[in-house]
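**Student:** For reference, the chains in residue letters:
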Amino acid sequence: MKLRPLQDRILVQRVEEESKTKGGIIIPDTAKEKPAEGRVVAVGNGKVGDDGNRIPLELKEGDRVLFGKYSGTEVKVEGEEYLIMREDDILGIID
Amino acid sequence: MKLRPLQDRILVQRVEEESKTKGGIIIPDTAKEKPAEGRVVAVGNGKVGDDGNRIPLELKEGDRVLFGKYSGTEVKVEGEEYLIMREDDILGIID
Amino acid sequence: MKLRPLQDRILVQRVEEESKTKGGIIIPDTAKEKPAEGRVVAVGNGKVGDDGNRIPLELKEGDRVLFGKYSGTEVKVEGEEYLIMREDDILGIID
Amino acid sequence: MKLRPLQDRILVQRVEEESKTKGGIIIPDTAKEKPAEGRVVAVGNGKVGDDGNRIPLELKEGDRVLFGKYSGTEVKVEGEEYLIMREDDILGIID
Amino acid sequence: MKLRPLQDRILVQRVEEESKTKGGIIIPDTAKEKPAEGRVVAVGNGKVGDDGNRIPLELKEGDRVLFGKYSGTEVKVEGEEYLIMREDDILGIID
Amino acid sequence: MKLRPLQDRILVQRVEEESKTKGGIIIPDTAKEKPAEGRVVAVGNGKVGDDGNRIPLELKEGDRVLFGKYSGTEVKVEGEEYLIMREDDILGIID
Amino acid sequence: MKLRPLQDRILVQRVEEESKTKGGIIIPDTAKEKPAEGRVVAVGNGKVGDDGNRIPLELKEGDRVLFGKYSGTEVKVEGEEYLIMREDDILGIID
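Chains as they are written, first to last, in the UniProt record's numbering: chain U, 1 to 95; chain L, 1 to 95; chain C, 1 to 95; chain Y, 1 to 95; chain R, 1 to 95; chain E, 1 to 95; chain G, 1 to 95.
Looking at chain U on its own, in the form it has when it is part of the complex (with noise of 0.2 Å):
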């Protein structure tokens, strides 16, 4: 089974950030919100501009994206966790 993501919106699987220390000491999270980091898993064919073309997406499959920590609708696909969002909940890709 496969999800193929509509118009402006993209799949992406959390990348499970490290939250202890080394020493195994739980770090809490600080008051300010930090942006997640993920894999893009697939991507929609983008947007139909008022002219009738369609915008492709600047995304694309495999990029390292950070996004917004409650950005995006959980889905489950074959017993793995995904987010479903659109590219414009993407803050940046990390070369």
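Since the hints were made in silico from the structure, they are not lab data.
Warning: the hint list may mix true and false statements.
[Stated by the list, open to error] Simulated restraints, written as ranges between beta carbons of each label pair:
hint: 1; chain 1: C; residue 1: 37; chain 2: U; residue 2: 52; range: 25 to 35 Å
hint: 2; chain 1: U; residue 1: 39; chain 2: G; residue 2: 80; range: 37 to 47 Å
hint: 3; chain 1: Y; residue 1: 81; chain 2: C; residue 2: 15; range: 37 to 47 Å
hint: 4; chain 1: U; residue 1: 53; chain 2: G; residue 2: 61; range: 22 to 32 Å
hint: 5; chain 1: E; residue 1: 54; chain 2: U; residue 2: 53; range: 14 to 24 Å
hint: 6; chain 1: C; residue 1: 15; chain 2: U; residue 2: 62; range: 49 to 59 Å
hint: 7; chain 1: C; residue 1: 37; chain 2: L; residue 2: 37; range: 26 to 36 Å
hint: 8; chain 1: U; residue 1: 45; chain 2: L; residue 2: 2; range: 25 to 35 Å
hint: 9; chain 1: U; residue 1: 78; chain 2: C; residue 2: 39; range: 42 to 52 Å
[As the list claims (entries may be wrong)] Heads up, simulated EDC-like pairs for lysine to aspartate or glutamate below, C-alpha to C-alpha not over 20 Å straight-line:
hint: 10; chain 1: R; residue 1: 2; chain 2: R; residue 2: 50
hint: 11; chain 1: G; residue 1: 47; chain 2: U; residue 2: 58
hint: 12; chain 1: C; residue 1: 47; chain 2: Y; residue 2: 80
hint: 13; chain 1: Y; residue 1: 47; chain 2: R; residue 2: 78
hint: 14; chain 1: R; residue 1: 47; chain 2: E; residue 2: 51
hint: 15; chain 1: R; residue 1: 2; chain 2: E; residue 2: 95
hint: 16; chain 1: U; residue 1: 34; chain 2: G; residue 2: 78
hint: 17; chain 1: E; residue 1: 69; chain 2: R; residue 2: 74
hint: 18; chain 1: U; residue 1: 47; chain 2: L; residue 2: 51
hint: 19; chain 1: R; residue 1: 34; chain 2: Y; residue 2: 80
hint: 20; chain 1: E; residue 1: 47; chain 2: G; residue 2: 50
hint: 21; chain 1: G; residue 1: 2; chain 2: G; residue 2: 80
hint: 22; chain 1: L; residue 1: 60; chain 2: C; residue 2: 95
hint: 23; chain 1: G; residue 1: 47; chain 2: E; residue 2: 51
Treat the numbers as computed from the prediction; the structure is a model and nothing was measured.
Just so you know, even glycine gets a beta-carbon here, dropped at the ideal spot from N, CA and C.
Assemble chains L, C, Y, R, E and G onto chain U, guided by the hints.
**Tutor:** Structure of chains L, C, Y, R, E and G alone, referenced to chain U:
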């Protein structure tokens, strides 16, 4: 009787998910809303853009789709329950 | 007297649904709002787009339609009750 | 003195509806708001679209129209009460 | 000193309405807000549309206009009180 | 050091108004907000429209302008206080 | 590791302002929010307009900029703190 959705709307038949374990124990919904699954039964002709051209839908009859649990309006056509929603409410296509 | 809707509006005559069982028991409305059914009696000429062209309606006189239970404004024309609403309030056409 | 509405506005003279029965009993308004009736006295030249062209109104002087009971702004011109509203506030034309 | 309004703004001098009867009794404002009257003293060059062209105003210096009682911002130019508002705040021109 | 505003923003230096009478009595602000006066120190290159063309500003360096008392963001450049605001916040030019 | 902002976003490194006097006294923030200063570290490729063309940013790497104190989202790249924000959040360029 058939129901033809207008413009960028689609008619979706919900695919009931198994909410019981094999042993028969009911699995409670988690706090986080999970998307629902359905099959596209009919699609509209698409919206008319500002330039007067109709923008056809990306979805077609038969597509299996994911959508937000509370998306759409319930309709009963010849005793069967369907949902009418806009294409934009669809998160992705399951291949 | 006739009523001609303006722009993207339509005039709809509600089709009363049978809310009693054959045995005469009144069926209470469920919590979830169900759409109502009607017949299109008149349609407007369509809205004028940004390029100055009128976008004709997809609906035409005689269409049987579904719409949200609380959509539109009630109008009385020669003693008959109608609803005026925008085409966008129509969920679908019943063929 | 004459009042010329600007852009997509129209000047409407309300047609008072008979709110008494023939026997003189006052009929109370029902809970549901009914639209009011009026006659178009003057129309604006239309709004200027994004392409710089003026979009003429669909209504013309003399049209009998229906509008939401609370639409428009009251104006008094030479002792007579009128309403100024946008064409979009008009629900339909009575032929 | 002169004040030139920017874009789609106009400079209006309020025409005080007689709020006393001939016999000198003050007429209280009714609950319903009535529009105020003024004279256009200066007009802007118009807004620039999406296509880069300036859309000239429909109003011109000297027009007598009606506007909502609380429209605009008060300005004092050489001891005289004026109002600066957008053309869209003007309801109509008094001929 | 110089500050160059971006897009449709302008840099304005407030002209302090005399808030004392000649006899030295402080005049309290009236309830109604009066606009403030300033001089345009720098202007941006203008916004880019939907067609990709930059729309130049109507204002230029040196213009004396009126703006809403609470418009803009305060900036300190080399010890001097300025305001950065959008051209649309300017009510008019004083000639 | 490098972070490439998407579309009309930029990556900014905050320039800490001296908040002590030479004698070491801490200067409290005034009630009025002052903008913060930063250096542009990376810029996106620009947004795609309605006509399908990408609108390049006005800012470029290396620009010293002013922005609202609470603008942007904090990101940590290789131990360094950055801010990701939209170009529109930038008030001006310091030359």
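**Student:** The structure should be examined with respect to each hint, and the outcome stated for every one.
**Tutor:** Hints, one by one, checked against the model:
{"no.": "1", "hint": "C/37 with U/52: 25 to 35 Å", "in the structure": "holds (34 Å)"}
{"no.": "2", "hint": "U/39 with G/80: 37 to 47 Å", "in the structure": "violated (23 Å)"}
{"no.": "3", "hint": "Y/81 with C/15: 37 to 47 Å", "in the structure": "holds (39 Å)"}
{"no.": "4", "hint": "U/53 with G/61: 22 to 32 Å", "in the structure": "holds (31 Å)"}
{"no.": "5", "hint": "E/54 with U/53: 14 to 24 Å", "in the structure": "holds (23 Å)"}
{"no.": "6", "hint": "C/15 with U/62: 49 to 59 Å", "in the structure": "holds (54 Å)"}
{"no.": "7", "hint": "C/37 with L/37: 26 to 36 Å", "in the structure": "holds (28 Å)"}
{"no.": "8", "hint": "U/45 with L/2: 25 to 35 Å", "in the structure": "holds (28 Å)"}
{"no.": "9", "hint": "U/78 with C/39: 42 to 52 Å", "in the structure": "holds (47 Å)"}
{"no.": "10", "hint": "R/2 with R/50", "in the structure": "violated (30 Å)"}
{"no.": "11", "hint": "G/47 with U/58", "in the structure": "holds (10 Å)"}
{"no.": "12", "hint": "C/47 with Y/80", "in the structure": "violated (32 Å)"}
{"no.": "13", "hint": "Y/47 with R/78", "in the structure": "violated (35 Å)"}
{"no.": "14", "hint": "R/47 with E/51", "in the structure": "holds (16 Å)"}
{"no.": "15", "hint": "R/2 with E/95", "in the structure": "holds (5 Å)"}
{"no.": "16", "hint": "U/34 with G/78", "in the structure": "holds (14 Å)"}
{"no.": "17", "hint": "E/69 with R/74", "in the structure": "holds (12 Å)"}
{"no.": "18", "hint": "U/47 with L/51", "in the structure": "holds (16 Å)"}
{"no.": "19", "hint": "R/34 with Y/80", "in the structure": "holds (13 Å)"}
{"no.": "20", "hint": "E/47 with G/50", "in the structure": "holds (15 Å)"}
{"no.": "21", "hint": "G/2 with G/80", "in the structure": "holds (11 Å)"}
{"no.": "22", "hint": "L/60 with C/95", "in the structure": "holds (19 Å)"}
{"no.": "23", "hint": "G/47 with E/51", "in the structure": "holds (12 Å)"}
Comparing the model with each earlier hint shows violations of hints 2, 10, 12, 13; every other hint is respected.
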